[in-house]
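*Asks:* Here the protein sequences line up with chains W and H, keeping their order.
Letter by letter, the first sequence follows residues 596 to 894 of the numbering used here.
Letter by letter, the second sequence follows residues 596 to 894 of the numbering used here.
Take the hints with a grain of salt, since some may be wrong.
As the list makes no split between identical chains, a pair holds if one copy fits it or if it spans any two.
To be verified - Here are the simulated lysine-lysine pairs, PhoX-like style, with alpha carbons at most 25 Å apart:
id : residue 1 : residue 2
1  : Lys-844   : Lys-711
2  : Lys-852   : Lys-887
3  : Lys-890   : Lys-851
4  : Lys-808   : Lys-887
5  : Lys-852   : Lys-890
6  : Lys-851   : Lys-887
7  : Lys-890   : Lys-791
8  : Lys-783   : Lys-820
9  : Lys-808   : Lys-820
Worth flagging that the hints you see were computed from the coordinates, not collected in a lab.
Below, each chain spelled out in residue letters.
There are 2 protein chains.
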Amino acid sequence: MSILVLGTVALDTVKTPYGKRIKMLGGSAAHFSMAARLFDCVHLVAIVGRDFPPRYIDFLRAKGIILDSLIRSGGKTFQWAGEYRGDLNTALTLSTELGVLMTFRPTVSEGERDIKNIFLANIDPELQEHLLSHMHSPGLVALDSMNYWINNKPKQLLRLLRKVDIYVANDEEARVLSGESNLMRAAKALRGRGAKMVLIKKGEHGVLFYSDKFILSLPAYPTEKVIDPTGAGDTFAGGFMGYLARVKKVSAATVKKALAYGTIAASFNVEGFGMEKTSRLTLATLNRRLTKFRKAVVF
Amino acid sequence: MSILVLGTVALDTVKTPYGKRIKMLGGSAAHFSMAARLFDCVHLVAIVGRDFPPRYIDFLRAKGIILDSLIRSGGKTFQWAGEYRGDLNTALTLSTELGVLMTFRPTVSEGERDIKNIFLANIDPELQEHLLSHMHSPGLVALDSMNYWINNKPKQLLRLLRKVDIYVANDEEARVLSGESNLMRAAKALRGRGAKMVLIKKGEHGVLFYSDKFILSLPAYPTEKVIDPTGAGDTFAGGFMGYLARVKKVSAATVKKALAYGTIAASFNVEGFGMEKTSRLTLATLNRRLTKFRKAVVF
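Extracted from the complex, chain W is given alone in its bound form:
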């Protein structure tokens, strides 16, 4: 089985107390892919501009990520610039330049339409719905979004919610979209709005997973080396979906392990700028930390 991810490939400029990086490879689909590739073959659907460095294309390809549906268009690549201060929990967005994203119309090759595992990473919900409508037989579909779309295209997002298996949100997004401050209630409310399962990412506080059959909760991996949290959520999703795609089964046991893999993948992501750490990751390294994590939380 393969995984198809729709999202952004971006040039990120990030400043944290540990340094600054200019126009690093970033974006939701790129971060997702870097973790998911450890488990399965990943097809990336996104758009970049003429200014996108060819070395980043080579880099993604060298990691085994399939770029058949990565469009290279005239115009500028999507750019994000942000800064983290203090405890690095909140990003201060300095600038966002949509560039080629403005004209993006995702297309997938005929062969890719048969892929069953689909991750709709954060991007305009209309593009997410457009892509999903072109897939032949979606098996496991997960959806991520952000406050911008919750505020600006809530109808489209809620319509899409009914078509996906797992809605992935951070705590703030879950609260805003559901109107509930308690996260368990927020998860239930989002279930009521149509998502079969709800995964709430709480950053340094771990994750909460809600479905009718089981509720799961995991803390984050305890780390003191937070260098740059950009992409942690997408990296989490990559580890999570990657494992589920590999085991081809959604049960309390597999979802638990998938959440743990996502947690561990994200813990590596935050320990370096951009994909510095996740791009060097192997499944063996991931498994070693998973064993440590299991010791820390199993009682």
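Knowing the structure of chain W, use the given hints to seat chain H on it.
*Replies:* Chain H alone, transformed into the frame defined by chain W:
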């Protein structure tokens, strides 16, 4: 083995979106005892005033809590009034009347001085140190405090830190006392200041436990019924210390299970006002929820 707890017994007036209670039985030592009694014999060291309702004395005694060192003095019982709004994560203190706490000088009976398990619940650190100095052979000593003492008696608190096994703090307190925003670093720094082990309570986000030998992390029990969180931290500590006192051993395995018992005890506490839920709790009920919790977090 028994447990001795020094702290407050208070009359709490609490308002939450779910209602209001006037002059309920509360206080750090009372909440702690209500959970710890499920595991071991608890001796409560505190002071109340002439206005303290005799029915509360009967109530505590009926729960098996030993009140030989509960002083009844002239003056008014310590009173706290607070309100919780929105997501109930932060208490807004409306008034604090120290009353008899101002003149409190804890004493313990000769027999109680041999108790090995000691919990110094939140109260003036000088009183905590005074009590500890009178104990014959402390075995496992845990210390809780609050921002008020961190800000007003930091020297006394830091001196006491070197004499205890476990320093229990919430995330904000750990950050303020250590000067570190990352919680793992905060825990390490507090270890460096003398506490052998550090337990950081993160409220709805669970707990982090740090020692030289092992690091543990647990999420909170996922609940949507948060009625009144007053006393959740002390209830947590009661379940935690209670279990450790009962198994008479501090290892990664026993601390993990103790953290889980603390988590579960606290989850009952927040589901009702004051001790409505914890006072009716049995070990069997606690164990049933522990099994559910284990299913939710073990992978």
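*Asks:* Evaluate each hint against the coordinates.
*Replies:* Hint-by-hint comparison with the structure:
In this assembly of identical chains, the alpha carbons of Lys-844 and Lys-711 lie at most 25 Å apart only when taken from the same copy (12 Å versus 50 Å across copies). Taking the shortest Cα distances, Lys-852 and Lys-887 sit within 25 Å of each other both inside one copy (14 Å) and across copies (17 Å). Taking the shortest alpha-carbon separations for Lys-890 and Lys-851, both the intra-copy value of 15 Å and the inter-copy value of 9 Å come in at or below 25 Å. Taking CA atoms no more than 25 Å apart as the test, Lys-808 paired with Lys-887 passes between copies only; the shortest distance there is 13 Å, against 28 Å inside one copy.
Taking the closest pair of Cα atoms, Lys-852 and Lys-890 come within 25 Å of each other both inside a single copy (14 Å) and across two copies (12 Å). In this assembly of identical chains, the alpha carbons of Lys-851 and Lys-887 lie at most 25 Å apart whether taken from the same copy (16 Å) or from different copies (14 Å). When the C-alpha separation of Lys-890 and Lys-791 is checked against a cutoff of 25 Å, the pair qualifies only between copies, where the shortest distance is 20 Å, while the shortest distance within a copy is 31 Å. Only between protomers do Lys-783 and Lys-820 lie at most 25 Å apart by alpha-carbon distance; the minimum there is 13 Å, versus 34 Å within a single protomer.
With identical chains, the CA atoms of Lys-808 and Lys-820 are at most 25 Å apart between copies only, with a shortest distance of 19 Å across copies and 36 Å within one.
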